[in-house]
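Chemist: These protein sequence lines map, in sequence, to chains A, B, C and D.
One point on numbering: in the working numbering, the residue at position 18 of the first sequence is 6, and numbering is uninterrupted.
One point on numbering: in the working numbering, the residue at position 167 of the second sequence is 155, and numbering is uninterrupted.
One point on numbering: in the working numbering, the residue at position 308 of the third sequence is 296, and numbering is uninterrupted.
One point on numbering: in the working numbering, the residue at position 275 of the fourth sequence is 263, and numbering is uninterrupted.
Treat the hints with care, since some could be wrong.
No copy is singled out in the list; a pair is fine if it fits within one copy or between any two copies.
[Claimed, not checked] Subject to a maximum C-alpha distance of 25 Å in a straight line, what follows is the list of computed SDA-like cross-link-like pairs (lysine to any residue):
1) Lys178 - Gly269
2) Lys68 - Phe100
3) Lys178 - Glu48
4) Lys68 - Thr80
Don't read these hints as lab results, they were simulated from the structure.
Just so you know, these numbers come straight off a predicted model, no measurement behind them.
Each chain, letter by letter, is given below.
4 protein chains.
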Amino acid sequence: MPYSVAVAGASGYAGGELLRLLAAHPDFEVRTVTAFQNAGQPLIALQPQLRSLAHLTLVETTPANLLGHDVVFLALPHGKSGAITAELPRETLVVDCGADHRLTDETAWARFYGGEFHGAWAYGLPELVHSDGTRQRDLLVGERRIAAPGCNVTAITLALAPAIRAGVVQSTDLVSVLAVAPSGAGKALKPHLLASELMGSASAYGVGGVHRHVPEIQQNLRVAGAAQVSISFTPVLVPMSRGILATSTATLEPGVSAGDVRAAYEAAYANEPFVHLLPEGEFPRTADTVGANTALIGLAVDSDADRLVVVSAIDNLAKGTAGAAVQSANIALGLPETAGLTVNGVAP
Amino acid sequence: MPYSVAVAGASGYAGGELLRLLAAHPDFEVRTVTAFQNAGQPLIALQPQLRSLAHLTLVETTPANLLGHDVVFLALPHGKSGAITAELPRETLVVDCGADHRLTDETAWARFYGGEFHGAWAYGLPELVHSDGTRQRDLLVGERRIAAPGCNVTAITLALAPAIRAGVVQSTDLVSVLAVAPSGAGKALKPHLLASELMGSASAYGVGGVHRHVPEIQQNLRVAGAAQVSISFTPVLVPMSRGILATSTATLEPGVSAGDVRAAYEAAYANEPFVHLLPEGEFPRTADTVGANTALIGLAVDSDADRLVVVSAIDNLAKGTAGAAVQSANIALGLPETAGLTVNGVAP
Amino acid sequence: MPYSVAVAGASGYAGGELLRLLAAHPDFEVRTVTAFQNAGQPLIALQPQLRSLAHLTLVETTPANLLGHDVVFLALPHGKSGAITAELPRETLVVDCGADHRLTDETAWARFYGGEFHGAWAYGLPELVHSDGTRQRDLLVGERRIAAPGCNVTAITLALAPAIRAGVVQSTDLVSVLAVAPSGAGKALKPHLLASELMGSASAYGVGGVHRHVPEIQQNLRVAGAAQVSISFTPVLVPMSRGILATSTATLEPGVSAGDVRAAYEAAYANEPFVHLLPEGEFPRTADTVGANTALIGLAVDSDADRLVVVSAIDNLAKGTAGAAVQSANIALGLPETAGLTVNGVAP
Amino acid sequence: MPYSVAVAGASGYAGGELLRLLAAHPDFEVRTVTAFQNAGQPLIALQPQLRSLAHLTLVETTPANLLGHDVVFLALPHGKSGAITAELPRETLVVDCGADHRLTDETAWARFYGGEFHGAWAYGLPELVHSDGTRQRDLLVGERRIAAPGCNVTAITLALAPAIRAGVVQSTDLVSVLAVAPSGAGKALKPHLLASELMGSASAYGVGGVHRHVPEIQQNLRVAGAAQVSISFTPVLVPMSRGILATSTATLEPGVSAGDVRAAYEAAYANEPFVHLLPEGEFPRTADTVGANTALIGLAVDSDADRLVVVSAIDNLAKGTAGAAVQSANIALGLPETAGLTVNGVAP
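Take these sequences, add in the hints, and give me the full structure.
Modeler: Following this line, the structure appears as structure tokens:
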């Protein structure tokens, strides 16, 4: 019998992608979908792409409505999950796609988010290799509280962690610039997210170290072995529906060869089902990850600039959010890690 | 009486934009348009947007067809302008939009382009301030051989030169990542430039220091005062018709404040008609530069990462190519520098 | 001395395009820009593409603020211009880009718009040829109250009026389907106008004869000579910043040849500066009209289906709105009709 | 044990989508992939989105290489499948995504395609209801030669056939205008398919009844009961990766009500798994069908214009090509019709 599932925040983009993945998952059955303002509406009115779930109606996002399910996925605005989760039984698997339970450092939380600090949960990036060789996936087995990573964080962590763990680059002068789709910003009605503003245009935001994903990246790279992490992080909105293409660079440690670098990534990802290292001289494009749980990674060593350049591509809503949540839930429940997920993108 | 003008390479994107600007210029009259394969066709068949020039027919790109004009603009593939220019009179103003005459260093030419080296011409980036305070515009007055800069080069040079000249950043650890429109790659029929491949996708190319614009950036920043320039440069193709959004970062020199940085840029650009420094906390978008000769620049100091972040936006075909060529021609001929050019973008 | 100009509704897309055109116009000087909610803000904050007008500040949209100018352009929501215009002097040229003064039929107004009916003004589509051969431009000379046409209306009227006037098609079974850019819907914060919703998607709206532009099209085609007009009209939102591509079809009258049809359009547009008939077998694309006041028209006779197919392309904000307003103002004031306007599009 | 499958023409867009669907299909196993020029290359080099098939290498498209499979899908240029199929055993299920076996009328073939006529196969549009009530799906059971429909044809047939079969509209004055993605035109290197040409632009092609899909539409609507079919058909290229939005209109028969129309469509599609009729007043968008085998249909009755307007949306590569092929193969083989297919789109 499939696990019964509730999705809170089912009217947004992350919620919609969760539902798309769950609808195709052999072991899950979506019973309940919740929303704030849109409660009472048929799900199909908000997620017209989800024809197979047209029978569902959005109910209000309350703890009561989330009780009685084996698994609860939260796709709520930051700051909303703490109070709700407190009322869910310990044995319910709760996967939070929001930021509330990602950061271990209360000071970082206070500086970048503010409001009550609810503490960190098990972190839903199975491919993160700790400095001691532990894979993060091992910490998710049997877990009942999981925080899915931020989408930009995933793109950058997967790009840089292997090099840092292997000691082939310095961690104190990292630079990441990301081409990102506006769906990462959700359905909020903000002028700069209008189609007329975004189509045909590229623009940076959160420039200068103020983006909320910075402390989460630092946290991950410390897990991978960095004593100290300094990163210049700039996301650039570009006109595409989905996708993150992160260009991350780091200063090479002296004497490191291109072969050393590649070996570090092969060690990290050779057996990963969802992280694929591209051959020498090839670099990914986001289109190839659309709808897939795949992260694609290309490497270049720039001897003149003395820098490693890593280009990583993910679908911000899939591997960047909902896919990571489902993958982590699979692990937590003892299901095959790849259940209900694909590595094949919808391209062109 | 207007200057008579010929445009060689009139069937491509750079040629088309040159013609659009020249058609609106009060002091120029386009008499001749040339092409290689498309010779014999009406211009309007290749540039259907140029209704006011529908009377022109493309003739073959030969020195003979370019003789007898006051001004010749070359928008040819790299390596094609040397032989042609050799046969044009010294008094003809020749502005080359290709790379043939940009680099002063024959070794750099050989490494990144190859083929015969034709030597550098006066460099068509009027706003470049030399380490001794000379503005590049002063070197263009009366010139008859001008090399217009590469589009990515313009975006990065304008972003970084003031900081380097003022000594507020180091020049040995620069990182630039650019969101670029595919029109910069021209009309060549290459699979990765197909609409189905590019729409909805972002992808990096020329990764790892191999892009031809690297030595030109280094050359410019040395002019601005850098003893040595090391730059990691990665262009990312994004689905928009025009535009470059460059995110450039540099390590701050010790003790430098945000005010010091801003002062350096104000000194450089306060009186520039085409380079506009945005207020604190604002960053440009490429849409605002479409069709305009404008470069927009936003600054942020990231104290945590100890880096200056400069975001610059240009239209790759306008200020990035054809606009710079016209602006430089204006200066060379003693016309108002802004003649036939606008600072207002076509947005949305 | 240039005419002094005020633009009411300067923070929207139509207002922005008006200002872009006016800034480049040799005979106009923008003195005043007004807005509702955005009053008090610098214009550049709302129209960051208009660098040459960065000195202007938005003031409130009131009759008092619009007094004392030679020309007032109104780019206001429907229903807002009547009360304001009533307080402006008769000798002020007022050009309304809204719908308030387009319809002559109060019943049609009541059905499609509702609210107070303010009566029709001189209609700003200079190229409309009346059944008696009068050109609409002649009715604009010396006028002081002009209503600029709806954008979709312009695309369809220019496509169908010549055939109707010449009697080569029936007017009772017209079908027009338009690919339209979302900028026509303005900056309103509506969910379906978000970039994530629109990019990569096409969708119809106003289906089934309910769109407000239907009665205006009918009115124009009656002016061109139709006794009765029946039109099926469907706009389709597509992911581009600007542009309308209208495909309009009409049943051919018996015995009409392709040559008869072409002759009708040549008679109508041979001398028009802004309407260009493409050669046999060629059809326009919207990119070629971006930023231009051009309408491009292609014709095909489908003998199997017994229908004329007319494909017309305009920039919805230029010839579709602001360009038509400036063109009409030029005529009204006795300026060259093409002053400040271009036929050359910004492409690619 | 899964059926062994070969895909011929695996390097194109239709081939890629076939492979994406087949890779997720529980009953098929892709053993062989073929190509013409790209033979010898790894599949992943041509279809970088298909990570799960990275072990496959393209072999040459020859009959020999296609022998020995249970199912062969052909995604070849028009005119290429006849000779190949002639050499495949009768018991092999062959599904042709090309046009070679769609038309029953040799005259129509000669006029619109030319070259040798190979005769029609069973037509792979299971939802087509014949005038006598037969559903096309019933004719596919046990079949071994199936022609998948043209993508535009599917969008229009599904939109118009129910009304024609029910006799609520006339079939002699149909008009369809489609917003179509360029992926329908394949990977051919043609100038007008370059991203710089297509992004930000809409353009019509095949105008005036010359498009090859016209006779196939006529054929289908005759099957649905039309004595004679006259249709004006215009496809409009718009800047999106996938999707067709067809706006189809037909003159209502006298006395027909909106309820009559809706009843006709409900009768046709109430039990269809992949064709969904939207509620009154709702119209589809292509984004909701991306990657899905869904066709979404919205209806409006325009009493003023006396026309039915049907808006239909499909993914041109999925339900429009590869999805229809897999769906038909499912039926032919006695598998569940929905096996390996989804109704949920990848949106945003």
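Chemist: Run every hint past the structure and note whether it holds.
Modeler: A quick look at each hint next to the structure:
Taking CA atoms no more than 25 Å apart as the test, Lys178 paired with Gly269 passes between copies only; the shortest distance there is 18 Å, against 39 Å inside one copy. Proximity of Lys68 and Phe100 under a CA criterion of 25 Å is satisfied intra-copy only: 16 Å inside one chain copy versus 44 Å between copies. For the homomeric pair Lys178 and Glu48, the shortest alpha-carbon distances inside one copy (24 Å) and between copies (23 Å) are both at most 25 Å. Proximity of Lys68 to Thr80 under the C-alpha cut-off of 25 Å is restricted to the intra-copy arrangement: shortest distance 18 Å within a copy versus 56 Å between copies.
Violation of the numbered hints given earlier is absent; every hint is satisfied by the structure.
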